[in-house]
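Given the structure of chain X, go ahead and fit chain Z onto it with the hints provided.
One line per chain: the protein sequences are X and Z, in this order.
Numbered according to the numbering used here, the first sequence spans residues 14 to 285.
Numbered according to the numbering used here, the second sequence spans residues 758 to 1041.
Check the hints yourself; a few may be wrong.
To be verified - Ranges of calculated distance between the beta carbons of each label pair, as one might list FRET restraints:
no. : chain 1 : residue 1 : chain 2 : residue 2 : range
1   : Z       : A989      : X       : T154      : 27 to 37 Å
2   : Z       : A893      : X       : R81       : 20 to 30 Å
3   : X       : R81       : Z       : D911      : 24 to 34 Å
4   : Z       : S825      : X       : T154      : 23 to 33 Å
FYI, nobody ran anything at the bench for these hints, they're computed from the structure.
C-beta atoms are modelled at their ideal positions from N, C-alpha and C, and glycine is treated no differently.
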Amino acid sequence: MSWHVDEPTWRRYADGRLDPVAEAAVEQHVTSCPQCRGAARALVRDVESLWRAVHAEITRPRRPWPYRILARLGVPETDLVVVGAARDLLLSWSVAVGAAVLCAVVTAMAPVHLPGGPPALFLVLAPLVPMLAVVATYDATDPFREVTGTTPFSKLRLALLRTVAALTAAVPLTVAVALVVPALHGYFAIWLLPGLALTVATLILLTWLTARIASAVVGAGWLVAAAAAAGTGGIGAVATAAGQAGFALAVAVLGLVLVHLTNSRHARRVAR
Amino acid sequence: MTATLDAVSKTFGRTAALHPTTLRLDAGVIGLLGPNGAGKTTLLRILSSALAPSTGTVAVAGHEVTGSQAERTAARRRIGYLPQEVTFPRGMTSFGFLDYIAVLKEWGDTEQRHAEVRRVLALVGLADRATVKVRALSGGQRRRLAIAQALLGDPALLILDEPTTGLDPEQRASLRGLLSGRPGTVLISTHQTEDVSALCDRVVVLDGGRVRFDGSVPELLASAAGRVHQGATANPGAVQTWKTGTGLIRSVGGRPGPGASAVEPTVEDAYLLLRSATAEGAAA
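Okay, chain X solo, but in the shape it has when bound (with noise of 0.2 Å):
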């Protein structure tokens, strides 16, 4: 045998910087060379850190692709994490989005729909009910909650990715709700759109302020505007296929932003 593979050439082919055919030369010359097998084992001297990098490679959890994009877009892996588990907790994630969906379904057969839309108040409260739903569904399923309840993760925080774990597969359903049966009427949308749209500001207020600041601030927006709609006699239009596009647009905006402070704020600290 005329020759052997050096150290930086086995350096280069474990980083994967050999060009094929040397590759595939050292690949055959391995085969039938004894020396080098022996040569490449003592490159790697620590072989338990090795394992322990190949362990941690496997059973590193694979997340849907949906979740893959989202952290690629930049959304908190943390986030995603909780609203991952918010899915996985099956039945309370069921019962929860089934309690929208039927929030959504009574709204739209209640007797509220009067000709100049809904009444000042419903609105107001409306986009509250999914989210009270959602929690209130998680407190009495969640086989966690005696440990989750101790963690110091924002209880507000956990209940808003749990909404938007809920919302984003009720705001389908109540669509296909519809269509089947056209019947509904177009109220049932009021809410889960500005349900998720108020849930997905606060999750973004919480970067620079406390909980409770928070709330009553996306609190005190949502108040202003349902009261400058009933002033303009605006209200009905929120029902309206517009009005719901503009939720609808209003949540993907919302989104945008929160991915972009996150962002911002993650480089931030990095730079730190």
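Same frame as chain X, now just chain Z:
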């Protein structure tokens, strides 16, 4: 001092689950013994901040659990809590479950968090079960997984409500080794008196929502010295008697019968005598 309970009580409706209780918990392993309904779980839940007391104050590492939200959050950062029962969603993996709880315990950095999850999985002997769904784990493995979540972050105060339930003798011994070697305070509620004698520096006996004994294991054993006998017949008035493997009858309490000889009491003997005295006091 890791934790203090000052005149803490809890009532549910008209029922007093815990009468005003004052305890100071220093570093070491502390065993909490008592019959069912003694108030052990209520005390642990209050200490862990899962339950608000009716009266009194609780502090952990200088932060008031019963204080403001900020104080409570600061206290929670120093607590690891294993409830009596933990139900798992069966679709989660061991790693996924611990990863979730670690996020709730504010482990923000992904790499560090995953390393911590692997550390506690290894501590409870589940390193090779990381990717296994919880539904595929045995009862003992699930209990160890529940213990692992309490160990995340090496909390200053570890509160374990009947941690050895469902563990086999080898796993119990392994858990003892794990707990005895850690710094900080470990408070264990258990029915296993042998765990207390093998592991605890201090033992607190609760009965009827009141502390009936608070001292070291040797002090508890001393309270039963000369009151446990073995002989051919049972002691008249004994609290408990049973025939041992040697054919002799062991009597806890009572007047020694003819030929009975005093034997070394165990923690269980001392506990039974304490319980008996409490019951007699209540009857009187």
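Going down the list of hints, with the structure as the test:
1. A hinted range of 27 to 37 Å is violated for the C-beta pair Z:A989 and X:T154, which are about 58 Å apart.
2. The hinted window of 20 to 30 Å between Z:A893 and X:R81 holds, with their beta carbons roughly 25 Å apart.
3. The beta-carbon spacing between X:R81 and Z:D911, approximately 31 Å, falls within the hinted interval of 24 to 34 Å.
4. Between Z:S825 and X:T154 the C-beta distance comes to about 29 Å, which sits within the given range of 23 to 33 Å.
Checked against the numbered hints listed earlier, the structure breaks hint 1 alone; every other hint is satisfied.
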